[in-house]
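Chain by chain, the residues:
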Amino acid sequence: GAGVSQSPSNKVTEKGKDVELRCDPISGHTALYWYRQSLGQGLEFLIYFQGNSAPDKSGLPSDRFSAERTGGSVSTLTIQRTQQEDSAVYLCASSTPTSGRARSYNEQFFGPGTRLTVL
Amino acid sequence: QKEVEQNSGPLSVPEGAIASLNCTYSDRGSQSFFWYRQYSGKSPELIMFIYSNGDKEDGRFTAQLNKASQYVSLLIRDSQPSDSATYLCAFKGGQNFVFGPGTRLSVLP
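For the protein sequence lines, the chains are Y and U, in the order given.
Numbered according to the numbering used here, the first sequence spans residues 1 to 119.
Numbered according to the numbering used here, the second sequence spans residues 1 to 109.
It is possible that part of the hints are untrue.
[Stated by the list, open to error] Chain U is nowhere near these chain Y residues, computed Cβ spacing over 10 Å in every case:
| id | residue |
| --- | --- |
| 1 | K17 |
| 2 | Q41 |
| 3 | Q50 |
| 4 | S58 |
| 5 | P61 |
| 6 | R64 |
| 7 | S73 |
| 8 | T76 |
| 9 | E85 |
| 10 | S87 |
| 11 | Q108 |
| 12 | G111 |
| 13 | T117 |
[Claimed, not checked] Partner residues aside, some chain Y positions facing chain U, computed with beta carbon under 8 Å:
| id | residue |
| --- | --- |
| 14 | Y33 |
| 15 | G42 |
| 16 | F65 |
| 17 | L91 |
| 18 | F110 |
| 19 | G113 |
[To be verified] Taking CB as the label site, the calculated pair distances span:
| id | chain 1 | residue 1 | chain 2 | residue 2 | range |
| --- | --- | --- | --- | --- | --- |
| 20 | U | S69 | Y | Q83 | 17 to 25 Å |
| 21 | Y | S62 | U | G16 | 13 to 21 Å |
| 22 | U | P81 | Y | E107 | 42 to 50 Å |
| 23 | Y | L39 | U | P109 | 23 to 31 Å |
| 24 | U | D55 | Y | E20 | 18 to 26 Å |
| 25 | U | D55 | Y | G72 | 37 to 45 Å |
| 26 | U | G41 | Y | D63 | 45 to 53 Å |
It is worth saying that the hints were derived from the structure and are not from the lab.
The beta-carbon is built from N, C-alpha and C at its ideal position, and this holds for glycine as well.
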C-alpha cells in the first residue's frame with residue numbers, strides 16, 4: 001500500500017512569510033508525528049496526534065508553529081513569519097498500535113520529508 | 001527532560017568487521033527501544049526494536065538492551081559498504097518517541 005506522503009518536497013520562502021506543510025499518513029494509522037531535522041542533527045519532536053485526543057504540542061519551538069489534523073487523517077504544519085533558523089527538513093511519521101501486545105511498541109513509518117529553506 | 005545520547009562518530013570499520021553502536025537513555029520508565037537507519041538525504045527506516053533485557057538478533061543485526069544500565073546497543077556483523085549511514089537510537093517515552101542525535105557509520109571497502 002501507499003506509504004506516508006508529504007508535500008511539497010522542497011519549499012523555499014522568504015523570511016517573514018507563512019508556510020504550510022502537508023502530511024498524508026498511511027491509511028488507518030491513528031498516530032501522526034511531526035519532527036524537524038536540521039542539517040547533521042537528530043530528530044526534534046514537534047507535535048503528536050493520536051486519534052481524537054488532544055494533540056501533544058510540547059515540542060513546538062514557538063507560537064509561530066501550529067499544526068492540525070483534519071478528520072483524523074491529513075495533517076498540516078503551519079509556520080508563521082518564518083525565520084532563517086526554521087530552515088530544516090520537516091518529517092512526518094505515522095503509526096498504529098500493534099494489536100494484542102501489552103508493550104508500548106508501535107513502528108513509525110516516515111514520509112520523505114519537506115526541505116524548507118528560509119532565505 | 002528525557003534524553004538519548006549517542007557518539008556522533010564517524011565510526012569507521014573495515015568491510016566484514018563488526019560495527020558496534022551504543023546509546024544511553026535517561027528515562028527509566030521507557031519500555032520500547034528502536035534503532036533506525038538513515039541514509040544521507042533520506043528518511044529514517046526502522047531496523048530493530050527491543051523491549052526485553054538481553055539480545056535480539058535479526059540477520060546481521062543484534063540489538064542489546066540493559067535497562068539497569070539504561071543502555072542499548074546495535075551490533076552489525078559482516079559490515080558492508082551499504083551499511084554506511086547514520087544510525088538513530090530512540091526510545092518511547094510515554095506516547096512520544098525520543099531520538100538521539102545519531103551515529104554516523106562508515107564501512108570502508
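Structure-based check of each hint:
no.	hint	in the structure
1	K17	holds, 25 Å
2	Q41	violated, 6 Å
3	Q50	violated, 6 Å
4	S58	violated, 8 Å
5	P61	holds, 14 Å
6	R64	holds, 21 Å
7	S73	holds, 19 Å
8	T76	holds, 19 Å
9	E85	holds, 18 Å
10	S87	holds, 15 Å
11	Q108	violated, 7 Å
12	G111	violated, 7 Å
13	T117	holds, 14 Å
14	Y33	holds, 7 Å
15	G42	holds, 4 Å
16	F65	violated, 16 Å
17	L91	holds, 6 Å
18	F110	holds, 4 Å
19	G113	holds, 6 Å
20	U:S69 to Y:Q83: 17 to 25 Å	violated, 40 Å
21	Y:S62 to U:G16: 13 to 21 Å	violated, 48 Å
22	U:P81 to Y:E107: 42 to 50 Å	violated, 27 Å
23	Y:L39 to U:P109: 23 to 31 Å	holds, 27 Å
24	U:D55 to Y:E20: 18 to 26 Å	violated, 45 Å
25	U:D55 to Y:G72: 37 to 45 Å	holds, 38 Å
26	U:G41 to Y:D63: 45 to 53 Å	violated, 31 Å
In summary, the numbered hints that this structure violates are 2, 3, 4, 11, 12, 16, 20, 21, 22, 24 and 26.
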